[in-house]
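Whole structure, please, built from the sequences with the hints as guidance.
Those sequence lines, one after another, are chains S and U. First residue of the first sequence: 3, per the numbering used here; consecutive thereafter. First residue of the second sequence: 1169, per the numbering used here; consecutive thereafter.
Quick caveat, the hints were computed from the structure, so don't treat them as lab data. Heads up, a few of these hints could be off.
Said to hold, decoys possible - Stretch-level coverage of chain U by chain S, calculated; a stretch enters the list once three of its residues show a Cβ under 8 Å from a Cβ in chain S:
| hint | region |
| --- | --- |
| 1 | 1202-1212 |
| 2 | 1263-1273 |
| 3 | 1436-1443 |
| 4 | 1448-1458 |
| 5 | 1622-1630 |
What the hints assert, rightly or not - A partial selection of chain S residues facing chain U, derived with a Cβ cut-off under 8 Å:
| hint | residue |
| --- | --- |
| 6 | Ser31 |
| 7 | His35 |
| 8 | Glu39 |
| 9 | Val41 |
| 10 | Phe68 |
| 11 | Trp69 |
| 12 | Arg115 |
| 13 | Gly116 |
| 14 | Arg121 |
| 15 | Ala122 |
| 16 | Thr125 |
| 17 | Pro128 |
| 18 | Trp183 |
| 19 | Asn203 |
| 20 | Thr205 |
| 21 | Ile291 |
Heads up, the beta-carbon is just placed ideally off N, CA and C, and yes, glycines get one too.
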Amino acid sequence: MSTFLTEEPTQVTEAAVSTRLSSLDTLESEAIHIIREVVAEFEKPALLFSGGKDSVVMLHLATKAFWPGKVPFPVLHVDTGHNFPEVIDFRDRTVERLGLKLVVGSVQEFIDRGELAERADGTRNPLQTVPLLDAIQSNKFDAVFGGGRRDEDKARAKERILSLRDEFGQWDPRNQRPELWNLYNGRHTVGQHVRAFPISNWTELDVWRYIERENIELPGLYYAHDREVFARDGMWRAVGEVSQPRPDEEVITKTVRYRTVGDMSCTGAVESAAATVRDVVIEVAASTITERGATRADDRISEAAMEDRKKDGYF
Amino acid sequence: MSTEIDTARAAALLDEAPLAHASLFRFATAGSVDDGKSTLVGRLLHDSKAILADQLDAVARTSADRGFGGPGAAGVQAIDLALLTDGLRAEREQGITIDVAYRYFATDRRSFILADCPGHVQYTKNTVTGASTADAVVVLIDARKGVLEQTRRHLSVLQLLRVAHVIVAVNKIDLVDFSESVFRGIEADVQKVGRELGLGSDGITDLLVVPVSALDGDNVVERSERTPWYTGPALLEVLETLPAADELESHLESFRFPVQLVVRPQGALAPDAVAGGLDVEKYRDYRAYAGQITEGSVKVGDKVSVLTPGQAPRTTTVTGIDFAGAELTEAVAPQSVALRLADEFDVARGDTIAAAGTVREASADLYAALCWLSPKPLREGAKVLVKHGTRTVQALVRSVSGKLDLATFKLEGASSLELNDIGHAQLRLAAPLPLENYLHHRRTGAFLVIDPLDGNTLAAGLVNDHPGDHEDERYSI
Ligand SMILES: Nc1nc2c(ncn2[C@@H]2O[C@H](COP(=O)(O)OP(=O)(O)OP(=O)(O)O)[C@@H](O)[C@H]2O)c(=O)[nH]1
Ligand SMILES: [Mg+2]
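Here is the structure:
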């Protein structure tokens, strides 16, 4: 008895070739496949949602994956307390619009309880790891979606799409599981969890082209606006409650936008006149410097800053 | 502090190129340790202008700290291009690649996903990871050393995985004075290995040999004047023009769709869709099967078979193809969609929907080639897990029937498989699976072997036909 599916190979035809998906459609399909795999195989997934463009794209992909049903998992925000108010507002509106549950892990609460200490440089991005792991443990999340992309950083470039984390949330870059074809192995033991990165293979330009194509709303600070800023570490820092100029730092008004949105105390703005999504697509395509290089003080600390943070359980 | 604008680059990426419709091409590197894989990748990225200024600055600083290039080296000669992908601390300290680095770049002809893989034998599992999704693999050989055991191992893996295009780059040609005779000698060795393995002569794969200097850039992006005896294309030209694996496979018309999950909101409709005017009545009893088409295409009205392990296949008709509110009339691999069917069958994750008339019965007997990736050896009688499509089942290893000898490429007798062995085995599955020969089905012919104790991936599995199984013996269900 024959026991296999079988088929009759025929010759390649021109018509068949022309039906290939565009690169953006291929990336979208890959991401949706991964999101559905994780939802099917894990007990309790959650999606890291900061209101930043990558997490907004992730959430958009999730709505497409489960349409017309609701997105079947909560979103998790690790709040540094150093937020841009318009991003928090955007976060709350999005959660409301999609009928999602929002879990917040608060860096401020950990500092208030004396479980975390403020850093000398005032930056809170690296402090997110402890509240993140606490939220994962106390909510019993076994899979956490992130919007991390491999083109962001040389350590991220090395990470699997499904990345196993131990009891301490640590990533072991020297001992990753093989990841073969599109068969994702998410098996883990008690205490371990998995970080899932469905848009690993997207570039910054892909993200922006997708935002344009899908007409996705973002917090306004991604587009050019006038803002009071001062120069520090070769970046334009916004004047805000947690981001005050020193006496020698002159405050001026500039037309700027943000390429990434993070802790207000370490995220810089870039001078830009890109006021629409089309302008931004053109600007990103033409940019001669990377988004993290342009805007993140925390990644300039050392040559392996991201790797070190990830080993400790960071996103 | 302002985003510097390179308008020529923007035009190249957005306007002149039809990038919005360009397809993706995935390629990986392979070859023995230190043969120059990461340097080649760095050179390719650098010369195709895919490195942004701050990345190049950072790498130049690290290179200078480490005294790369020696005194007097200037410009790109003073930059250790391998640092563009060797991003881990341990990799930079040891000067080797440990795990795959993924990089992205585009030319005006194509968008690339590039996987720079390690050469060290200890990290073969990572090289298999990088190669498993590749349309093409560039295998490097050091011109001074020729074909090494690790070259033979990697070429065997690529043959096993049926990577569509294997390009052998004979590297460091600068160190052998751009000698044609050295190149021709290695080329002949490579062709011999190819013949012995069936690589490039099996109608599925092809094999090309190019002389390069990754360090100096000869024949990487542009053809070099220093190798006048080489008349073929530069490496990038090859990569820009090869057909991607799914273009080659598009002749496989048989539709295959492993069901990932059932979309059944039962009233819990997405509030944003409802606010956007979704017809709530119409979707009250909505039920569709979500998944990614692994091969072929499907149209509304097509007859399909639902394959559920342990049950006879059931035939029905596709009544709808949904994608996030759009009702499609047709979908092709690798699209992720949701299918509606005419009959109210019980369909669940792990079932496969396939074009009717193209299927045979599922089987609990699995004959397979295995690429063993774990330090824990495979022994006869072991219990493992097999992950195939969207289903994971228990399996018993009945027998190991041989492993590949890298010196002769012949199958020798074996009763166990060790780390990095390629061998054949027979497994008995706890439930029958719709297995297909990997030769013709890259997706439904592939599976993982997983350790039930710690969940680690032990092997890459490729389904073989049963002994005595005849290609032309077809069941139309
Ligand atoms: N002269 C010369 N040296 C080269 C060339 N390509 C690479 N090298 C040198 O060879 C050494 C190894 O290069 P890598 O690119 O790190 O080799 P690799 O194949 O990536 O090594 P693993 O990833 O660890 O297997 C480095 O010192 C390079 O500078 C070449 O074309 N000519
Ligand atoms: Mg390398």
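Let's test the interface hint: is any C-beta of chain U closer than 8 Å to that of S/Phe68?
6 Å, holds
Quick check: do three or more residues in the region 1622-1630 of chain U have a beta carbon closer than 8 Å to a beta carbon of chain S?
The restraint on the region 1622-1630 of chain U holds, since 5 of its residues have a Cβ under 8 Å from chain S and three suffice.
Given S/Trp69 was flagged as interface, is its beta-carbon under 8 Å from a beta-carbon of chain U?
4 Å, holds
Between the region 1263-1273 of chain U and chain S, are there enough contacts, at least three residues with CB-CB distance under 8 Å, for the coverage claim to hold?
holds (count 7)
Should the interface hint for S/Gly116 be scored as holding, given a Cβ-Cβ cut-off of 8 Å against chain U?
32 Å, violated
Given S/Thr125 as an interface hint, is its Cβ closer than 8 Å to any Cβ of chain U?
19 Å, violated
Checking C-beta pairs, does the region 1436-1443 of chain U have three or more residues closer than 8 Å to chain S?
Three-residue rule met by the region 1436-1443 of chain U, so holds; n is 7.
Interface hint outcome for S/Trp183 [beta carbon to chain U under 8 Å]:
5 Å, holds
Closer than 8 Å between Cβ atoms is the bar; does S/Ala122 clear it against chain U? Give me holds or violated.
23 Å, violated
Are there three or more residues in the region 1448-1458 of chain U whose C-beta lies within less than 8 Å of some C-beta in chain S?
holds (count 3)
Interface hint status, S/His35 versus chain U (Cβ within 8 Å):
Result: holds, 4 Å to nearest chain U Cβ.
Checking hints one by one. Is S/Glu39 an interface residue toward chain U, by the C-beta closer than 8 Å rule?
6 Å, holds
Checked against the numbered hints above, the structure violates hints 1, 12, 13, 14, 15, 16 and 17; every other hint is satisfied.
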